Amino acid sequence: MKSKPKIGVFKFASCDGCQLSLLDCEDELVALAGAVDIAFFPEMSSNMRKGPYDIGLVEGSVTTHHDASRIHEIRKQCRTLVAIGACSTAGGIQALRNWHDSKQWVAQVYAHPEYIQTLGMSTPISDHVPIDFELRGCPVSKHQLLELVSATLAGRRPNIPTYSVCMECKRKGNVCVAVAQNLACLGPATQAGCGAICPSFGRGCYGCFGPAETPNTVILADQLLREGRAQETVVRDFRSFNAWAWPNRQASERKGAV
Amino acid sequence: MNACLPDIRSAVRIDCQGLGSLIAAIRRRGYQVIGPHLQDGAISYGPIQEIEDLPIGWTAEQGPAFYRLQRRSDSAMFQYAAGPKSLKDFIHPSEIRLFSAVREEGAFRILPNSDPAPRYAFLGVRACELAAAGIQDRVLLEGRYSDPIYRARRGNSIIIAVQCSAPSEVCFCTSMGTGPRAEAGFDLALTELIGPGSHEFVVEVGTQLGAELLSEIEFSDASPDLRNQAQAATQAAAASIQRRLDTNGLREVLRDNFDHPHWDDVAQRCLACGNCTQVCPTCFCVNVEDSTDVAGQTAERWRRWDSCYSLAFTYIHGGSVRVSTKSRYRQWLTHKLSYWHDQFASSGCVGCGRCIAWCPAGIDLTQEVAAIRAATNQTEGTK
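In order, the protein sequences belong to chains F and L. So in our numbering, spot 209 of the first sequence is number 221, and the numbers just go up one at a time. So in our numbering, spot 27 of the second sequence is number 100, and the numbers just go up one at a time.
It is possible that part of the hints are untrue.
Stated by the list, open to error - A short, non-exhaustive set of chain F residues, derived as facing chain L with CB atoms under 8 Å:
#: 1; residue: Asp36
#: 2; residue: Asp39
#: 3; residue: Lys154
#: 4; residue: His155
#: 5; residue: Asn171
#: 6; residue: Ser176
#: 7; residue: Met179
#: 8; residue: Lys182
#: 9; residue: Val187
#: 10; residue: Ala192
#: 11; residue: Pro200
#: 12; residue: Gly214
#: 13; residue: Gly216
#: 14; residue: Glu225
#: 15; residue: Ile231
#: 16; residue: Gln235
Please keep in mind that the hints were generated in silico from the structure rather than gathered at the bench. Please read all numbers here as calculations on a predicted model, not as lab measurements. All C-beta atoms in this analysis are idealised placements derived from N, C-alpha and C, irrespective of residue type, glycine included.
Using the sequences and the hints given, assemble the complete structure.
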């Protein structure tokens with residue numbers, strides 16, 4: 013019998029929420045453990061085995077010199093490398109530092125800033141090494157995570173759509189919160205995958221899954237401004253979990269917005 | 074109870090109590106009544122148990138990227154224009170499992186989707202929506218291949234139309250020749266008439282089934298005066314529709330303007346989100362996806378609404394064909410208003426205005442067409 017694919021789960025600058033999504037696969041966890049060999053997953057087990065790994069799942073962004081070199085080592089050890097979550101695919105919420113002087117922040121926050129060694133920017137994994145696939149979200153969807161693993165095991169392409177949240181939202185039968193309630197909703201420019209969870213509960217989409225395949229974020233920002241929102245509010249809408257993703261930067265940096 | 078069966082093509086009168094009895098009579102036959110109800114700030118289609126579920130005293134104002142509920146001063150139930158959902162949401166479902174398969178002794182066994190088709194009775198269906206269902210019939214039933222899911226649901230359904238007497242700002246059915254009066258395609262068609270101290274309905278009988286349903290409830294003759302009022306209501310509705318789409322030679326205008334600079338202009342406003350295709354009552358495109366479980370023991374095939382606005386829609390070996398937003402908007406509009414004639418012998422648009430109201434960017438196809446037409450005429454004039 014073919015040996016089970018060996019999986020490694022690696023953490024960079026992140027909150028661990030995406031790794032928890034993997035542990036949250038309660039109903040499927042037994043099947044998952046039966047189908048794959050989870051060889052390295054410090055969040056789950058202190059039994060950590062060396063690579064190489066068939067599949068590497070990377071959570072978090074690169075924010076330190078140490079991590080900037082560690083990701084190269086991990087890339088070498090993983091046949092397939094998948095970035096999971098907004099931190100690893102876009103730099104995460106911590107990428108807000110990219111617009112500011114992080115040294116100044118460190119001086120304000122820590123009693124002994126001389127102990128803190130950090131990079132000036134928070135950057136996605138793909139800025140450092142080539143990746144094979146990315147799963148979006150803050151956090152990732154456990155359904156997409158399972159789909160990715162199942163597809164990889166079966167040797168098929170994962171069904172991970174890159175179109176807008178609106179597609180899922182309409183399929184669910186939701187009434188558009190932007191049109192009917194004038195809520196700020198990033199859905200039209202955000203990638204599907206969450207199941208349109210926020211509009212399903214009467215809130216606008218926060219954009220956790222990052223820009224959709226061909227997003228027109230600048231037009232959406234214009235639309236939000238035209239409807240009477242303050243420039244500052246619209247900038248904040250685009251500067252959250254996926255702030256550093258290029259289309260969101262285009263929207264938040266447009267027309268002199270800072 | 075009326076012992077008599079009203080004639081097909083005849084018209085009778087019922088009151089609000091009669092409408093309640095009609096809903097009950099339909100439900101007694103084992104149908105799920107789908108009618109207008111309030112859902113998250115809109116009058117949308119949903120399950121109706123009794124008359125109180127209807128949007129009594131509500132209407133809505135609509136415009137490009139705009140929909141707002143409004144209170145009325147009366148207790149009208151059907152004085153609103155088409156909302157976000159249409160029959161499509163029910164008879165051409167947004168997602169459905171086609172089959173599942175299990176691994177068995179080195180082979181696999183197919184488990185067909187054996188769920189019986191739901192039996193829907195649609196209440197409040199407008200002329201434009203009937204026209205849209207007619208178009209979907211041509212696409213999904215009348216070609217070389219017929220879709221069994223659509224066929225079962227459509228064949229099972231009862232249609233209680235309501236003649237439109239409250240079109241919205243985005244409506245242009247008069248341009249498309251689809252409304253506001255429904256002439257056929259219904260089992261029963263109501264016209265709601267509200268006067269000082271009166272709230273009644275003229276009911277046109279479309280089919281034998283419609284007549285049988287009426288025979289189970291209290292009705293009376295519709296006086297000539299009442300019938301005239303019903304006619305006048307839809308005539309007034311037709312007269313109130315301001316929006317126009319000039320369909321004269323439109324098929325050729327769009328076909329011949331593939332490289333028109335105005336497509337770039339639209340692309341500067343289009344979000345490529347796909348909302349217009351999802352709310353359009355005639356857009357029928359679907360995608361079929363196979364998935365497997367982690368253990369590799371079961372597989373499923375799902376069908377989901379797709380959209381020509383997604384990159385994957387035109388993905389073939391080597392990449393997607395329609396990469397630019399411009400090419401995708403152009404495809405949608407030109408298919409809808411031009412190529413549809415070549416393919417299905419009619420326009421694909423019924424003038425319901427959903428794509429205008431529910432476009433988050435407020436793109437208005439009637440204006441886009443007018444812009445292309447104006448520039449075309451100008452060019453021809455200078456030749």
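Now the hints, each set against the structure:
1. Asp36: 14 Å, violated
2. Asp39: For Asp39(F), the interface hint is violated, since the closest Cβ of chain L sits about 10 Å away, which is over 8 Å.
3. Lys154: 12 Å, violated
4. His155: Because about 10 Å separates His155(F) from the closest Cβ in chain L, which is outside the 8 Å limit, the hint is violated.
5. Asn171: This hint holds: Asn171(F) lies near chain L, its Cβ roughly 5 Å from the closest one there, short of 8 Å.
6. Ser176: Since the shortest Cβ distance to chain L is 4 Å, the answer is holds.
7. Met179: Nearest chain L Cβ about 5 Å off; hint holds.
8. Lys182: 4 Å, holds
9. Val187: 4 Å, holds
10. Ala192: Hint on Ala192(F): holds, closest Cβ of chain L at ~4 Å, below 8 Å.
11. Pro200: Holds, about 4 Å.
12. Gly214: Check passed: Cβ of Gly214(F) comes within 6 Å of chain L, closer than 8 Å.
13. Gly216: Because about 11 Å separates Gly216(F) from the closest Cβ in chain L, which is outside the 8 Å limit, the hint is violated.
14. Glu225: Given a least distance of 5 Å, the restraint on Glu225(F) holds.
15. Ile231: 6 Å, holds
16. Gln235: Since the shortest Cβ distance to chain L is 6 Å, the answer is holds.
Hint compliance for this structure: hints 1, 2, 3, 4 and 13 are broken, all remaining hints hold.
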